[in-house]
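Chemist: As a plain string of letters, each chain reads:
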Amino acid sequence: MKKPLSHLVTLAMTGALLLPFDALAAGGKATNIVVVADTRRVTGFLKYLSNLYNTDVWMFAVWAVVLTAALGCTLGFLMDFVMERTGLDLKSRKIIEH
Amino acid sequence: MDASWLYLYMPIAGVNIFWPGLVLIGYSVGVIGGFFGMGGAWMVTPGLNILGFPMAFAIGTDIAHIAGKSMISTIRHSKFGNVDYKLGVVMLVGTMSGIECGAQIVMWLERLGQVGKVVRWVYVVFLLLIALMVFSDYFKARQKKKLGVDVGEKGVEGFTWYRTLHKIKIPPMMHFKASGIYCSAWLPIMVSFITGVLAGFLGIGGGLLRMPALIYFIGAPTHIAVGTDLFEVMISGLYGAFTYTLKGRIELVAVFVMLTGAAIGAQIGTVATKYAKGYGIRLAFGSAVLCCMISIILKQFKFETSAAVLILSTIGIICLYIMAIMFKGAAQELRDKKAQQQLRVGA
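Those sequence lines, one after another, are chains A and B. Numbered per the working numbering, the first sequence spans residues 1 to 98. Numbered per the working numbering, the second sequence spans residues 1 to 347.
These are computed hints drawn from the structure, not numbers from a lab. There could be a bad hint or two in this list.
Said to hold, decoys possible - To spell it out: a stretch of chain B is covered by chain A in this simulated footprint if at least three of its residues, at any positions, have a beta carbon under 8 Å from a beta carbon of chain A; those stretches are:
{"#": "1", "stretch": "29-36"}
{"#": "2", "stretch": "244-252"}
{"#": "3", "stretch": "257-268"}
{"#": "4", "stretch": "284-292"}
{"#": "5", "stretch": "326-334"}
From the three backbone atoms N, C-alpha and C, an ideal C-beta is built for every residue, glycine too.
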């Protein structure tokens with residue numbers, strides 16, 4: 001008796017979790033603002049990115065995410081390398097709550 | 001003297017911005033975010049706005065910067081063993097669906113024309129509840145410590161609601177090794193779903209809600225809650241960056257400049273958690289939440305300048321507090337190390 005009941009609860013909770021997707025299907029679309037990047041005052045890679053923003057916003061969005069992640073990772077590992085040289089133990093810590 | 005080199009042209013927003021200000025914002029939010037385990041959008045957005053960014057660009061730029069900054073902090077927290085990746089991935093399911101659900105509620109309220117007021121007051125109520133929970137938990141823990149009761153291996157804990165929630169045994173049961181938790185997978189999913197709905201509804205990243213939820217309802221130790229929450233912020237931040245870019249509301253140049261400051265700040269904030277006790281982090285977090293709440297109330301009554309001053313002073317004070325913890329702890333550790341080496345040489 002206990003097992004079917006737990007299956008039923010699991011099923012009900014899965015259903016509850018999927019509810020937002022139904023709501024999403026029912027929702028309207030948000031309006032976008034139209035902004036044009038000024039490419040006259042930038043050069044090189046920034047000019048390329050600004051042009052991309054004006055012509056292909058999807059590709060620009062992909063670049064934005066990839067570049068942000070790449071820069072985050074690079075700076076993270078670089079600073080990690082610098083911090084390792086301070087002589088501090090950066091691999092262990094004690095968890096004390098109070 | 002020509003100071004034009006201190007200004008950087010933002011091609012999308014079309015404004016000249018004082019770039020050292022961007023580095024400083026990135027640094028401060030890196031310190032605070034790395035210590036508390038949150039994105040800190042409530043701190044960055046007004047800062048960018050003060051520097052001259054139009055509000056529409058401030059939000060998108062802020063989200064992309066938060067994603068990159070959380071990545072830097074997550075790498076560091078991961079080395080300390082503070083990130084429970086399994087718990088993070090399970091919670092992502094609830095967070096993502098919750099955020100979408102919350103956004104739909106906002107759109108429904110928009111159609112009713114009530115959105116601004118309702119969202120702000122709900123935000124205030126939740127911030128007040130979080131601050132109350134954190135402070136009363138601290139006083140309860142202090143009382144318990146005085147009486148000498150319920151001392152576990154991690155020290156005294158005030159509220160232990162998670163113990164009751166762990167008694168719910170709905171399959172599948174999961175073991176989250178890094179956090180030392182064994183519970184139903186539905187517990188982190190439902191907790192992250194509820195915090196996700198609130199985050200989507202309030203238009204925030206959700207770290208402010210998820211960090212205390214991880215501690216009080218799921219039972220993660222404070223340090224693990226901070227690291228795991230940053231992992232969540234990183235993923236949801238990247239997703240947010242993508243959607244905001246599609247809406248044309250991002251200034252990538254500013255994101256890169258801010259990330260250079262955040263790279264240093266995030267290291268300081270993250271390493272500071274090593275020298276802080278769990279309740280030290282919780283108390284500072286509670287104070288930050290309280291100041292955030294007061295600033296929203298001030299905004300609600302049109303005291304925009306006072307709200308900005310309060311936010312900036314909060315950032316400054318908390319940042320200095322965290323830096324003091326980090327440098328004091330690090331200096332002590334290096335002194336101890338040196339003394340041990342001298343002892344070994346003497347022997």
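Chemist: Hint by hint, which ones does the structure fall short of?
Modeler: The structure conflicts with hints 1, 4, although it agrees with all the remaining ones.
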